[in-house]
Amino acid sequence: MGDLDTVEVSSYGDLIGDPFLNVVRADAVVVELNAGRELVAYAPDWLVGQKDYPSTGGGEVVAGSIIRETDDAILLGREDDEAWFPKSQILVFEAIEGVDLPAPKAADEGEGAA
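One point on numbering: in this note's numbering, the residue at position 84 of the sequence shown is 95, and numbering is uninterrupted.
Each hint should be verified, as a subset may be incorrect.
[Unchecked claim] Computed spacing ranges between beta-carbons, pair by pair:
hint, residue 1, residue 2, range
1, A84, A114, 30 to 38 Å
2, L15, A46, 27 to 35 Å
3, R79, S22, 26 to 34 Å
Read the hints as simulated data drawn from the structure, not as lab findings. By construction, the Cβ of each residue, glycine as well, lies at the ideal position given by its N, Cα and C atoms.
Could you put together the complete structure from these sequences and hints?
Listed below in structure tokens is the structure:
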């Protein structure tokens, strides 16, 4: 995957410290990374609103398998859904190999994860 803005995640702090993520979005990223999704990304709400694709974290976290990739976009798939996402508009999160991310914080606090 070339030309993607990527954050390497070694701890929950890497997520909560990101300016695009709040606790709900950070928790959604943790859930998707722990589920072993090939690609987990933040996408702005205006972009997600244009797609018929499942999202979490208040609608701004998308995850799935990369079906196809061009220089400018990724075709992301999950179950029976797929959508193109411009590389310039998403921020990808990758767990560093061997890192175990904790359960979502909001769930620990009784707020429930999105």
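Results for each hint:
About 33 Å separates the C-beta atoms of A84 and A114, a value consistent with the hinted range of 30 to 38 Å. The hint said 27 to 35 Å for the Cβ distance between L15 and A46, and at roughly 20 Å that hint is violated. At about 32 Å, the CB distance of R79 to S22 agrees with the hint of 26 to 34 Å.
Checked against the numbered hints above, the structure violates only hint 2.
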